[in-house]
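If you're matching them up, the sequences are chains W and X in order. For what it's worth, the working numbering labels the leading residue of the first sequence as -19, then goes sequentially. For what it's worth, the working numbering labels the leading residue of the second sequence as 139, then goes sequentially.
Because the hints were derived from the structure by calculation, they are not lab data. Predicted model only: the values in this text are computed from it and were never measured. Be aware that a few hints might be false.
To be verified - Pairwise CB distance ranges, derived in the manner of DEER restraints:
hint : chain 1 : residue 1 : chain 2 : residue 2 : range
1    : X       : 153       : W       : 66        : 37 to 47 Å
2    : X       : 139       : W       : 302       : 20 to 30 Å
3    : X       : 143       : W       : 376       : 26 to 36 Å
4    : W       : 260       : X       : 286       : 39 to 49 Å
5    : W       : 98        : X       : 146       : 48 to 58 Å
6    : X       : 172       : W       : 243       : 29 to 39 Å
7    : W       : 80        : X       : 189       : 30 to 40 Å
8    : W       : 66        : X       : 143       : 24 to 34 Å
9    : X       : 280       : W       : 97        : 54 to 64 Å
10   : W       : 309       : X       : 317       : 54 to 64 Å
11   : X       : 281       : W       : 251       : 51 to 61 Å
Where is the CB? At the ideal position from N, CA and C, for every residue including glycine.
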Amino acid sequence: MVQLQPVPVTAGYIRPPMPRTLAGKIWDQHVVRSAPGEPDLLYIDLHLVHEVTSPQAFESLRLNGRRVRRPDLTVATVDHNNPTLGGYEAADEISRKQMDALRDNCEWAGIKLYGLGSRRQGIVHVIGPELGLTHPGKTIVCGDSHTSTHGAFGALAFGIGSSEVEHVLATQCLWQRRPRDLAVEVDGELPIGVTAKDLVLGLIAQVGIAAGSGSAVEYRGSTIRGLSMEGRMTVCNMSIEWGARVGMVGPDDKTFAFLEGRPNAPQGAEWEAALDRWRALASDPDAAFDEVLRLDASALEPFVTWGTNPGQAAPISGRVPEPGDETAERALRYMDLRPGTALQDIPLDRVFIGSCTNARLEDLRVAAAVVRGRRVHPRVRAMVVPGSATVKLAAEAEGLDRVFTEAGFEWRDAGCSMCLGMNNDVLAPGERCASTSNRNFEGRQGSGGRTHLVSPPMAAAAALAGHLVDVRDLTHLPPGEVVPERRGWGSGRPTPTLPGGEGVSG
Amino acid sequence: MKALRVHQGRMAPLDRDNVDTDQIIPKQFLRRVERSGFGPFLFYDWRREDPDFVLDRPQYRGASVLVAGVNFGCGSSREHAPWAIEDAGFRVVIAPSFADIFRSNCGKVGILALALPEGRVRQLMEVASEAPDTELTVDLEKQLVSAPGFECGFEVDPFTRECLLNGWDEVALTLRHQDAIAAYEEGRSSVQNGSTPPGSRLQSQHS
Ligand code: SF4
């Protein structure tokens, strides 16, 4: 049965009660088959592919004599294991084999690949929106759990495993059970210096890392409306860190403005028609959610993680907590932290500004504004890894690369890099890092490495200070002034003049 | 995929909550392009830093049921995690709860990710610690877990159950609905994006 508009009806299919949520509407538009007791067979509009989770899928297709059904709806890039210095040549044999496999597989199937050296290469969740491939109302999948990032555009986007990658390659469909509808209402103005990253870290600290299991989350409320598209992407990106496969924001004029004119965005009359369709996607005013969580943005501070999962986070003004359970005890042992230590007293060896969470142009701008005219602390090795080659070029056109390199940061090529440390960008055992990425799991950035998740301005400030620090305590310093040692500051907080919040809180 | 109807085996207790897929299979092993051979790297970092790591104790050698804490398999979508678990000889993972993507991946790999109430998991954890020779029977047909002095029914997604019971290849299953997919595509290209399928410009533009 063809089921497109407005509500699918098949024999035996139970029509969802009107009114509907954003996720519900997109779901209904993509049901290919629905039968009692079975999951729905959902059509997938866009399949993003990268080198790490796809080789086994292609191999299995070939072994079974199958072909890729819709290479035209499939786009590939190299991001997870490529070196960020020295290009392909710098990769070891195993990594090359994986990149080569992707190239060969894309050639075999006729899939567009943005490989190393392409001006469009980059982290899969950064280039999708950048290329205008990510549209409101699309179903988008990728063999990567942060696919939820694309939900910032009002797409139903979620991560899948390699068997499902194979399934989508072969059928352009997936069997899925309808998720719960969960709303997160965020209201209140984000204080200056507090970013979308702090918002989502603060949320996870409050609700815990499994609260979103089984759910499609819609982020709503005035604060979310006020965020830039980049900020919304940061929030949706981290959905999986509290268990939700899907995180989304209803499309609005900001969404449309971001997409207009991009390479794969509809054009001309098609653009107008698309706008009409996209505007109709918003959750109906009286749509029922299975659960609603509320967050007051005005009460937030910059957040930092102290443990080994993203929910083990606290405001930067806080202290390492007393461990409440065995998990926390284990985390503190791994992190080599003592309860009661002020978070701002935690010294750092490394700083990483990058990842699909926080490596878009806006993130780099905000970090650069903190860094400008200052020096990285001599103890710290700091690096910036732009989210895509496009971001890198745009940042260089603005001179951001020089701001970073003159301060002592390394300026790298695009990729996932030390977000997961599959290439040689890794922490040494025992090294401690402030990172703008999304996971502080044990060993995530390198075996024995210790990760503190923070926002881009907080990472920049930490690089300068040599320890975790409240970026709002730095911003009142005259531009260029050396950042003083920890002792003596942090008390009275004069009105900050540098960015921090501006760009990110939009 | 190997079918799973009734499985009998010994348990290994991994008494930790929120075990993430980065721990199950660390990233340095994700560069392999093969699907098998991940078993030796299961929990690699934990095993390396702790010579007495539970799975390496002699009494748990050959165990085929992994018992763990809440939210097992959170984090990355890497199917390498269930591949490693399967390659290390496990067919069933029992925990109070699982992360969504991990649970779904298990079903595709032929592993049963079985959620039981926390108290029951705790009981199994104790049995596995105190009487490691105990054989647990997991009957997917009857949806029943049992051991001497222990019995517990369980819920499982009916579709996953069918696939596991029969060892079905999901792709083959879906390809039986080719006509429905083709019909959907026809409607889709005329409705979405005016008359042009969304991706169709992609090829000409960049190739
Ligand atoms: S940047 Fe990190 S989280 Fe994002 S896709 Fe790459 S590895 Fe995954």
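How the hints compare with the structure:
Here the CB-CB span from residue 153 of chain X to residue 66 of chain W is close to 44 Å, well matched to the stated 37 to 47 Å. Roughly 46 Å separates the CB atoms of residue 139 of chain X and residue 302 of chain W, a value that falls outside the hinted 20 to 30 Å. Look at residue 143 of chain X against residue 376 of chain W: about 60 Å separates their beta carbons, and that is not inside 26 to 36 Å. Take residue 260 of chain W and residue 286 of chain X: their Cβ atoms lie about 60 Å apart, and the range 39 to 49 Å is violated.
At about 52 Å, the CB distance of residue 98 of chain W to residue 146 of chain X agrees with the hint of 48 to 58 Å. Against the hinted window of 29 to 39 Å, the Cβ-Cβ separation of residue 172 of chain X and residue 243 of chain W comes to about 35 Å, which satisfies the hint. Between residue 80 of chain W and residue 189 of chain X the CB atoms are about 38 Å apart, so this pair conforms to the stated range of 30 to 40 Å. For residue 66 of chain W paired with residue 143 of chain X, a C-beta distance near 52 Å fails the hint of 24 to 34 Å.
For the pair residue 280 of chain X and residue 97 of chain W, the supplied restraint of 54 to 64 Å holds, since their beta-carbon distance comes to about 57 Å. Here the CB-CB span from residue 309 of chain W to residue 317 of chain X is close to 57 Å, well matched to the stated 54 to 64 Å. Taking 51 to 61 Å as the suggested C-beta distance range, the pair residue 281 of chain X and residue 251 of chain W conforms, at roughly 52 Å.
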